[in-house]
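Asks: Residue-level listing of the chains:
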Amino acid sequence: MARITGIHVNGKHHAIDADAEASLLSVLRDQIGLTGTKFGCGEGQCRACTVLAEGKPIHSCLTSVGEAADKQITTIEGLAKDGKLHPVQQAFLDAEAFQCGYCTSGMIMTAVALLDRNPDPDEKTIRQFMQGNICRCGTYPRIIDAIRRAAAAMKKS
Amino acid sequence: MNKGSIPVTVIEPERYELRESPFYHFEIDRRDFIKLMGGGVAVFLLLPKALAQESGRRGFGFNEPLPQNIGAWLHIGEDGAVTVYTGKAEMGQNIRTSLTQAVAEELHVKVGAIQLVMGDTQLTPFDMGTFGSRTTPTMNKQLRRVAAVARNVLVELAAKRWNVSSADLVAVNGVVRERNGSRTVDYAELAQGQTLARAVVENEPLTPASEWTVAGTSVPKVNGRAFMTGEHLFPSDIRRPGMMFGKIVRPASYGATLTSLDDRKARAMPGVTVVREGDFVGVVAPSEFEAARAAAAIRAEWKSIPQPSNAELFDYLKSHAEQGRADYEAGSMKEGLASAAHRLSATYTIAYIQHAPLEPRAAVAEWQNDKLTVWTGSQRPFGVQEELEQAFHLTKDNCRVIVPDTGGAYGGKHTGECAIEAARLARAVGRPVKLVWTREEEFTWAYFRPAGVIEINSGVGADGLLTAWEFHNYNSGAAAIRTPYDVPNQLIQFHPVNSPLRQGSYRALAATANHFARESHMDDLAHLASMDPLDFRLKNLKSERLKFAFTAAATAFGWKTRKPPKGHGFGIGGGFEKGGYVATCAEVAVDPSNGNVHVLRVTTAFDCGAVVNPDGLRNQIVGANIMGLGGALFEAIEFSNGRITNGTFAQYRVPRFSDVPEIQPVLIDRKDQPSAGAGETPICGLAPAIGNAIFNATGKRIRSMPLVPHGLKA
Numbered sequence: 001m002a003r004i005t006g007i008h009v010n011g012k013h014h015a016i017d018a019d020a021e022a023s024l025l026s027v028l029r030d031q032i033g034l035t036g037t038k039f040g041c042g043e044g045q046c047r048a049c050t051v052l053a054e055g056k057p058i059h060s061c062l063t064s065v066g067e068a069a070d071k072q073i074t075t076i077e078g079l080a081k082d083g084k085l086h087p088v089q090q091a092f093l094d095a096e097a098f099q100c101g102y103c104t105s106g107m108i109m110t111a112v113a114l115l116d117r118n119p120d121p122d123e124k125t126i127r128q129f130m131q132g133n134i135c136r137c138g139t140y141p142r143i144i145d146a147i148r149r150a151a152a153a154m155k156k157s
Numbered sequence: 001m002n003k004g005s006i007p008v009t010v011i012e013p014e015r016y017e018l019r020e021s022p023f024y025h026f027e028i029d030r031r032d033f034i035k036l037m038g039g040g041v042a043v044f045l046l047l048p049k050a051l052a053q054e055s056g057r058r059g060f061g062f063n064e065p066l067p068q069n070i071g072a073w074l075h076i077g078e079d080g081a082v083t084v085y086t087g088k089a090e091m092g093q094n095i096r097t098s099l100t101q102a103v104a105e106e107l108h109v110k111v112g113a114i115q116l117v118m119g120d121t122q123l124t125p126f127d128m129g130t131f132g133s134r135t136t137p138t139m140n141k142q143l144r145r146v147a148a149v150a151r152n153v154l155v156e157l158a159a160k161r162w163n164v165s166s167a168d169l170v171a172v173n174g175v176v177r178e179r180n181g182s183r184t185v186d187y188a189e190l191a192q193g194q195t196l197a198r199a200v201v202e203n204e205p206l207t208p209a210s211e212w213t214v215a216g217t218s219v220p221k222v223n224g225r226a227f228m229t230g231e232h233l234f235p236s237d238i239r240r241p242g243m244m245f246g247k248i249v250r251p252a253s254y255g256a257t258l259t260s261l262d263d264r265k266a267r268a269m270p271g272v273t274v275v276r277e278g279d280f281v282g283v284v285a286p287s288e289f290e291a292a293r294a295a296a297a298i299r300a301e302w303k304s305i306p307q308p309s310n311a312e313l314f315d316y317l318k319s320h321a322e323q324g325r326a327d328y329e330a331g332s333m334k335e336g337l338a339s340a341a342h343r344l345s346a347t348y349t350i351a352y353i354q355h356a357p358l359e360p361r362a363a364v365a366e367w368q369n370d371k372l373t374v375w376t377g378s379q380r381p382f383g384v385q386e387e388l389e390q391a392f393h394l395t396k397d398n399c400r401v402i403v404p405d406t407g408g409a410y411g412g413k414h415t416g417e418c419a420i421e422a423a424r425l426a427r428a429v430g431r432p433v434k435l436v437w438t439r440e441e442e443f444t445w446a447y448f449r450p451a452g453v454i455e456i457n458s459g460v461g462a463d464g465l466l467t468a469w470e471f472h473n474y475n476s477g478a479a480a481i482r483t484p485y486d487v488p489n490q491l492i493q494f495h496p497v498n499s500p501l502r503q504g505s506y507r508a509l510a511a512t513a514n515h516f517a518r519e520s521h522m523d524d525l526a527h528l529a530s531m532d533p534l535d536f537r538l539k540n541l542k543s544e545r546l547k548f549a550f551t552a553a554a555t556a557f558g559w560k561t562r563k564p565p566k567g568h569g570f571g572i573g574g575g576f577e578k579g580g581y582v583a584t585c586a587e588v589a590v591d592p593s594n595g596n597v598h599v600l601r602v603t604t605a606f607d608c609g610a611v612v613n614p615d616g617l618r619n620q621i622v623g624a625n626i627m628g629l630g631g632a633l634f635e636a637i638e639f640s641n642g643r644i645t646n647g648t649f650a651q652y653r654v655p656r657f658s659d660v661p662e663i664q665p666v667l668i669d670r671k672d673q674p675s676a677g678a679g680e681t682p683i684c685g686l687a688p689a690i691g692n693a694i695f696n697a698t699g700k701r702i703r704s705m706p707l708v709p710h711g712l713k714a
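Chains X and D, in that order, give the protein sequences. Note that the working numbering has the first sequence beginning at 1, numbered continuously upward. Note that the working numbering has the second sequence beginning at 1, numbered continuously upward.
Please note: incorrect hints may appear among the correct ones.
Here are the simulated lysine to aspartate or glutamate pairs, EDC-like style, with alpha carbons at most 20 angstroms apart [said to hold, decoys possible]:
| hint | chain 1 | residue 1 | chain 2 | residue 2 |
| --- | --- | --- | --- | --- |
| 1 | X | K81 | D | E231 |
| 2 | X | K124 | D | D370 |
| 3 | X | K124 | D | D262 |
| 4 | D | K303 | D | D262 |
| 5 | D | K303 | D | E335 |
| 6 | D | K265 | X | E54 |
| 7 | X | K12 | D | D659 |
| 8 | X | K84 | D | E662 |
| 9 | X | K81 | X | E54 |
Facing chain D, from chain X, some residues (calculated, C-beta under 8 angstroms) [as the list claims (entries may be wrong)]:
| hint | residue |
| --- | --- |
| 10 | G36 |
| 11 | E43 |
| 12 | A53 |
| 13 | E54 |
| 14 | G55 |
| 15 | F98 |
| 16 | C100 |
| 17 | T125 |
| 18 | R127 |
Hints listed in this document are in silico derivations from the structure and should not be mistaken for laboratory results. The structure presented is a predicted model; accordingly, all values stated were derived computationally and were not measured. Idealized CB from N, CA, C, for every residue including glycine.
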């Protein structure tokens with residue numbers, strides 16, 4: 001069976017030893033110790049496990065580490081720079097757009113991808129793009145608000 | 001009845017509203033306490049049962065035996081660090097913040113200076129569990145008492161130091177200073193060299209809500225940043241040195257027994273251990289991938305037993321009901337119905353639903369010799385500890401449960417099955433083991449919110465006053481079973497059933513079902529009496545607070561000032577539960593071409609006494625409504641032959657971004673009333689408000705929850 005010995009995460013190369021078919025999510029969490037990315041369903045339905053591969057949001061639970069090995073992966077841990085939160089993180093914090101916080105990493109990563117494509121999304125666009133992300137605590141309206149705040153903050157800077 | 005394949009079961013405490021806390025011996029002895037804490041000042045809260053023994057012993061040193069039956073305690077270290085210990089657990093309801101506010105309010109320190117240690121059976125005093133909206137009315141009040149006493153102790157220490165009267169001193173922002181002098185001393189300095197402990201009894205003075213400066217304000221979540229960066233460690237994020245990964249081989253159906261097992265392939269895999277104890281089969285492997293692969297390679301044969309399906313569920317519940325007990329009886333139903341101008345009998349049905357917290361059940365178990373430590377997500381850390389003690393014949397000293405702030409629970413994480421499974425696997429391999437349930441396991445092997453059948457028989461007089469109210473709930477539960485309306489003739493009964501599916505608590509539990517049935521029925525009665533549904537409710541209510549909530553919701557919503565456009569409808573519903581008064585108005589639009597129902601607008605007015613954290617409360621009210629949308633509109637567990645047939649997020653629809661209406665929370669801040677819990681009750685008004693709005697839009701009355709799992713049929 002093919003083994004994968006390294007992946008690129010948050011700008012760094014990490015030595016690993018994993019079966020190529022193992023999920024990217026399990027390798028991130030269990031081998032590299034980046035537990036900010038969450039398991040929610042394993043069926044690509046909740047997006048708690050969202051990470052960026054070359055800037056594109058993917059389900060790390062359904063992506064094998066073999067598929068991810070030649071890509072630049074960004075996780076929630078890679079967003080803040082020098083202790084300063086990414087504008088999307090800051091907006092989620094300011095809007096208190098979370099309750100238990102378990103969906104938050106996936107929400108933030110998906111929102112980062114959205115604002116990268118569309119720096120000024122309207123509410124309908126936000127809802128459509130975020131449709132795959134589940135928040136069981138029901139903080140959706142605050143998440144929409146946070147994404148708008150982040151868009152405004154990013155436009156300014 | 002289908003609990004056979006689950007290793008250990010417990011009676012779900014909330015279902016029958018267990019209120020009494022057990023008498024309990026506090027575990028840490030004084031030497032451990034000094035070792036753990038160092039010196040300083042400690043204040044212990046004594047629960048009422050301990051008072052008899054502890055009376056006359058309000059102050060004691062660290063070198064004396066600790067009192068028993070402690071509810072919580074607070075410690076101010078020699079460095080001034082304030083640490084508060086409570087057995088409550090945080091799972092998104094924001095009590096880590098609201099309890100911190102309570103302490104800050106009375107201790108007169110900044111919120112950021114306080115650390116809460118929660119849900120750790122070794123460090124925190126016994127707590128029955130975090131459920132029933134009890135944290136705010138009990139623990140919040142208790143911690144305020146504890147903090148107020150701690151502040152007084154510090155003031156006394158300063159008074160002694162300066163040889164002045166306590167009355168001449170004041171505590172402000174972590175410092176005691178003279179009212180009319182220049183001397184100041186901070187809490188750290190006062191705590192230095194002390195080993196002073198104080199026990200708090202009832203009736204310690206508290207700052208009234210009208211004078212709150214920290215409580216009552218929108219303090220942001222105290223550890224919020226850690227959730228933004230991924231640093232916060234949820235139970236499923238815990239990692240231990242040498243940790244392995246577990247996976248359970250589940251029975252083919254509920255109650256099935258194992259007849260044969262071929263695990264040769266799995267055993268041949270490197271690093272894999274197969275664990276079999278009776279019908280329990282699990283694997284342990286060096287990675288999650290290898291554990292899943294090994295479990296999949298096991299061939300197990302199961303003998304199934306006949307099981308009911310959801311197609312016959314409601315007949316089953318009625319035919320398997322035990323004799324109901326009269327929860328309440330008044331006057332004579334016969335006379336009440338005889339004097340009615342309009343009579344109505346109707347039956348309502350409630351489906352099983354799943355909590356589906358986004359973080360599934362997870363546990364990391366570690367044995368050191370005979371001592372077990374388990375990190376897990378639970379609303380009942382001490383309940384899980386007790387299950388582990390029983391399962392492995394451990395003493396309390398040898399069994400520690402730690403509950404990191406957890407990824408959602410909603411009443412669904414009361415039990416310890418995942419902790420027990422992880423501990424079994426860990427014991428078998430002699431290494432720490434992590435077990436995280438899959439979503440499918442969560443949908444199948446966790447427990448459900450009870451299904452139910454509710455029958456109402458009622459009468460209303462020509463004057464629009466209720467004359468008779470008979471209410472029977474089969475299985476779903478007795479929470480909020482009583483009507484808040486004033487009816488002279490009543491019979492209220494709860495009929496327990498041996499449920500075909502394993503069932504337990506849920507956000508507001510049976511109150512959602514009982515509110516749905518009652519408030520839908522009230523709407524029909526208003527229609528029969530030719531009255532506006534709001535006016536009809538107000539006319540039949542005596543509770544001023546509930547009347548106020550209905551009026552506040554209706555006013556903010558525009559109940560009387562706006563008219564629904566064609567194809568739209570307005571609905572209202574509300575009630576009283578767990579110390580809170582709620583009223584919700586909803587506007588729906590029904591698309592006649594396809595029967596799709598869209599909830600457009602929701603207004604919820606909520607009175608839970610003095611508001612502790614307005615922004616946190618808004619978050620809870622909106623969240624409760626969104627979670628409630630699922631149960632109201634489309635969530636229903638489907639099952640047949642002992643299997644769940646829609647146990648994935650692809651098949652079991654939960655509310656998503658596109659489902660979310662505009663939601664307006666209206667806070668009724670009653671500073672003259674004690675604070676009640678707020679995580680549950682705001683969910684109660686939504687389902688009937690939507691059902692009544694559908695009736696208003698279409699004239700069609702739907703008496704089942706969910707209302708429109710497949711759209712509105714013509």
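Asks: Would you mind marking each hint as holding or not holding in the structure?
Replies: Here is how each hint holds up against the structure:
For the hint linking K81(X) to E231(D), the alpha-carbon distance of about 14 angstroms falls within 20 angstroms, and the restraint holds. Taking the CA atoms of K124(X) and D370(D), the gap is near 57 angstroms; set against the 20 angstroms cutoff, the hint is violated. A distance of roughly 53 angstroms separates the Cα atoms of K124(X) and D262(D); the hinted pair therefore is violated under the 20 angstroms criterion. A distance of roughly 15 angstroms separates the Cα atoms of K303(D) and D262(D); the hinted pair therefore holds under the 20 angstroms criterion.
Restraint check for K303(D) and E335(D): the C-alpha separation of about 55 angstroms exceeds 20 angstroms, so the hint is violated. At roughly 39 angstroms between alpha-carbon atoms, K265(D) and E54(X) are farther apart than 20 angstroms, so this suggested pair is violated. Simply put, K12(X) and D659(D) have alpha-carbon atoms about 40 angstroms apart, too far for the 20 angstroms limit, and the pair is violated. Annotation: proposed proximity of K84(X) to E662(D) is violated, straight-line Cα distance about 33 angstroms (limit 20 angstroms).
A threshold of 20 angstroms between alpha carbons decides the hint, and for K81(X) with E54(X) the separation of about 18 angstroms falls inside it, so the pair holds. Proximity of G36(X) to chain D holds as hinted, the smallest CB-CB distance being about 2 angstroms (cut-off 8 angstroms). Interface restraint check: E43(X) against chain D, minimum CB-CB distance 6 angstroms, threshold 8 angstroms, status holds. Using the Cβ-Cβ criterion of 8 angstroms, the hint placing A53(X) at the interface with chain D is not satisfied: the shortest such distance is roughly 17 angstroms.
Nearest Cβ of chain D to the Cβ of E54(X): about 20 angstroms, over the 8 angstroms cut. The hint is violated. Hint on G55(X) is violated. Least Cβ distance to chain D is approximately 18 angstroms, over the 8 angstroms limit. For F98(X), the interface hint holds, since its Cβ comes within 8 angstroms of a Cβ in chain D; the closest pair sits about 6 angstroms apart. Against a cut-off of 8 angstroms between C-beta atoms, the interface hint on C100(X) holds, since the closest Cβ of chain D lies about 3 angstroms away.
Look at T125(X): its Cβ only gets to about 11 angstroms from chain D, farther than 8 angstroms, so that hint breaks. Hint on R127(X) holds. Least Cβ distance to chain D is approximately 4 angstroms, under the 8 angstroms limit.
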